[in-house]
Amino acid sequence: MEITGGMNGLVLTAGGARGAYQAGVLKRIGEIPRFKDQPSPFSIVAGASAGAINGVAIASHSNCFDEGSRRLANLWSEIRFQDVFKTDTLSLGLGSMRWIKDLSFGGMFGGGGTQSLLDFTPLKGHLAKHFTLDGIADCIQKKSLYAVAISATSYYSGKSFSFIQGQPGHPLWEKSRRASLSVTLSVDHVWASCSIPVIFQPVLLETSVGDYYFGDGGLRLVNPCSPAIRLGANKIFAIGIRSQKSAEVRSKIELLEQDEKKPKMKRPPLVQVLGVALNSIFLDHLDTDLDHLNRMNELLLSHGVGPSSVSKTKEPMKIVSALAINPSIDLASLAQEHGHKMPKFVRYLMEGLGNSKAQSADLMSYLLFDSSYTRALIDLGYQDATQNLAEIEEFLNT
1 MEITGGMNGL VLTAGGARGA YQAGVLKRIG EIPRFKDQPS PFSIVAGASA
51 GAINGVAIAS HSNCFDEGSR RLANLWSEIR FQDVFKTDTL SLGLGSMRWI
101 KDLSFGGMFG GGGTQSLLDF TPLKGHLAKH FTLDGIADCI QKKSLYAVAI
151 SATSYYSGKS FSFIQGQPGH PLWEKSRRAS LSVTLSVDHV WASCSIPVIF
201 QPVLLETSVG DYYFGDGGLR LVNPCSPAIR LGANKIFAIG IRSQKSAEVR
251 SKIELLEQDE KKPKMKRPPL VQVLGVALNS IFLDHLDTDL DHLNRMNELL
301 LSHGVGPSSV SKTKEPMKIV SALAINPSID LASLAQEHGH KMPKFVRYLM
351 EGLGNSKAQS ADLMSYLLFD SSYTRALIDL GYQDATQNLA EIEEFLNT
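If you count the sequence shown from 1, position 114 lands on 114 in this note's numbering, and the numbers rise without skipping.
Some hints here could point you the wrong way.
[As the list claims (entries may be wrong)] Here are the simulated EDC-like pairs of lysine to aspartate or glutamate, each with C-alpha atoms no more than 16 Å apart in a straight line: (1) K129 - D211; (2) K344 - D370; (3) K124 - D188; (4) K341 - D83; (5) K36 - D370; (6) K341 - E298; (7) K86 - D370; (8) K159 - D211; (9) K36 - D66; (10) K124 - D66; (11) K344 - D88; (12) K341 - D66; (13) K159 - E174; (14) K86 - D119; (15) K129 - D83; (16) K36 - E67; (17) K318 - E298; (18) K341 - D88; (19) K129 - D66.
[Unchecked claim] Quick list of the computed label-pair ranges, beta carbon to beta carbon: (20) V276 - T184: 31 to 39 Å; (21) S333 - R267: 39 to 47 Å; (22) T288 - W173: 16 to 24 Å; (23) D287 - P168: 30 to 38 Å; (24) R34 - T288: 28 to 36 Å; (25) K344 - Q141: 18 to 26 Å; (26) E67 - A390: 19 to 27 Å; (27) P33 - K344: 40 to 48 Å; (28) D291 - Q383: 19 to 27 Å; (29) L90 - P33: 50 to 58 Å; (30) L301 - E393: 35 to 43 Å; (31) Q141 - E31: 24 to 32 Å; (32) T288 - P171: 34 to 42 Å.
Derived from the structure by calculation, the hints contain no laboratory data. What you are looking at is a predicted structure, and each value in this text was computed from that prediction instead of being measured. Ideal placement from N, C-alpha and C gives every residue a C-beta, glycine not left out.
Use the sequences and the hints to build the structure in full.
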């Protein structure tokens with residue numbers, strides 16, 4: 001299938017272990033009869049963090065979308081903690097001692113030895129074992145894929161970098177907060193994109209502009225749809241990891257007038273603060289970006305700019321339609337049910353930072369790389385996609 005006319009873009013957001021939800025959605029879409037043994041409906045794929053893992057898996061199987069989505073779901077359904085970060089007592093204990101040393105005596109003896117709470121070196125080997133990124137080049141050559149973009153954050157400049165492998169002549173950009181490079185994607189690019197700040201250590205990448213350390217792709221990617229749109233997508237299908245219903249309920253409770261029924265919040269422990277910080281990185285950007293996209297579409301339409309029209313500005317503007325699928329329930333609540341599967345030492349550390357499961361649920365939902373939890377997320381994504389299947393099919397068919 002040669003790509004002609006408008007292109008569909010697949011946008012996969014960041015989210016640690018929550019990325020299993022995206023695999024469930026994609027598995028269900030892969031079972032649509034129209035896509036059986038057929039090329040992917042997504043000519044452009046853009047992902048960050050866990051979305052980078054899912055993105056390269058789908059992109060490398062663009063010649064046969066249902067096979068790629070099925071393999072991705074199988075990968076998440078079998079994942080273990082030790083596939084992602086070191087769980088042995090010695091590694092975790094030494095990591096804790098480095099934190100104590102730097103925080104307590106760093107000013108006296110020199111600090112800087114601490115890079116992260118956990119060592120996620122095992123993830124690189126796990127990715128190398130299960131991913132053959134050579135398939136991306138093959139799909140590009142056969143024109144079932146236009147481009148795939150993996151985002152990571154530079155710890156040198158603070159910019160969001162999009163590492164792009166695509167057909168010759170694909171767009172590149174350089175902005176104050178965003179940049180792009182044309183590369184042959186490797187496991188290292190995906191690994192760097194998954195480096196959750198503070199939790200996992202930075203990753204050194206060799207690039208055409210220098211060798212720099214990078215971290216999680218969702219950290220500075222405030223417009224997750226931007227790479228796909230800049231690459232030429234006319235339609236965006238995005239899979240988020242935030243429950244809209246849960247967010248709306250919490251917001252309504254927080255804005256209640258002062259009365260006896262209004263909850264009295266206690267001072268949040270550090271584990272809860274960390275959970276909210278990760279939420280701000282992983283959950284909020286997609287909603288904000290889609291709101292901005294809809295406002296831009298309305299503005300262009302009000303000025304008579306049609307779907308295929310462009311403005312006379314330096315950067316052409318166009319109508320971009322979007323459809324997003326989000327979890328129907330709160331994934332943090334789901335994580336609470338499986339929290340006992342967390343390695344004992346990690347659970348011990350988290351309990352030291354917060355004194356209840358509810359307070360640590362958000363943070364736990366990103367780090368719970370256990371098959372019982374990820375299978376529950378896959379099932380939820382599958383069910384949510386099934387509930388919205390008619391809308392998804394119509395969106396991808398038009």
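Hint check:
1. K129 - D211: 25 Å, violated
2. K344 - D370: 13 Å, holds
3. K124 - D188: The hint holds at about 7 Å.
4. K341 - D83: 15 Å, holds
5. K36 - D370: 30 Å, violated
6. K341 - E298: Roughly 47 Å separates the two Cα atoms, so the pair is violated.
7. K86 - D370: With a Cα-Cα distance of about 14 Å, the restraint between K86 and D370 holds, given a limit of 16 Å.
8. K159 - D211: Holds. K159 to D211 sits at ~14 Å (cutoff 16 Å).
9. K36 - D66: 6 Å, holds
10. K124 - D66: 25 Å, violated
11. K344 - D88: 10 Å, holds
12. K341 - D66: 31 Å, violated
13. K159 - E174: 10 Å, holds
14. K86 - D119: 6 Å, holds
15. K129 - D83: 11 Å, holds
16. K36 - E67: Since the Cα atoms of K36 and E67 sit roughly 9 Å apart, the hinted pair holds (cutoff 16 Å).
17. K318 - E298: It holds: about 11 Å lies between the C-alpha atoms, which stays within 16 Å.
18. K341 - D88: Holds - the C-alpha atoms of D88 and K341 are around 15 Å apart, at most 16 Å.
19. K129 - D66: Outside the cut-off at roughly 21 Å; violated.
20. V276 - T184: 31 to 39 Å: 37 Å, holds
21. S333 - R267: 39 to 47 Å: The hinted range 39 to 47 Å is violated for S333 and R267, with Cβ atoms some 22 Å apart.
22. T288 - W173: 16 to 24 Å: 20 Å, holds
23. D287 - P168: 30 to 38 Å: 35 Å Cβ-Cβ, so the 30 to 38 Å window holds.
24. R34 - T288: 28 to 36 Å: At roughly 32 Å between Cβ atoms, T288 and R34 fall inside 28 to 36 Å, so the hint holds.
25. K344 - Q141: 18 to 26 Å: With a Cβ separation near 48 Å, K344 and Q141 fall outside 18 to 26 Å, so the hint is violated.
26. E67 - A390: 19 to 27 Å: 24 Å, holds
27. P33 - K344: 40 to 48 Å: 46 Å, holds
28. D291 - Q383: 19 to 27 Å: 26 Å, holds
29. L90 - P33: 50 to 58 Å: About 52 Å separates the Cβ atoms of L90 and P33, which means 50 to 58 Å holds.
30. L301 - E393: 35 to 43 Å: Once the Cβ atoms are compared, 25 Å apart, the range 35 to 43 Å for E393 and L301 is violated.
31. Q141 - E31: 24 to 32 Å: 27 Å, holds
32. T288 - P171: 34 to 42 Å: 23 Å, violated
Comparing the model with each numbered hint stated earlier shows that hints 1, 5, 6, 10, 12, 19, 21, 25, 30, 32 do not hold.
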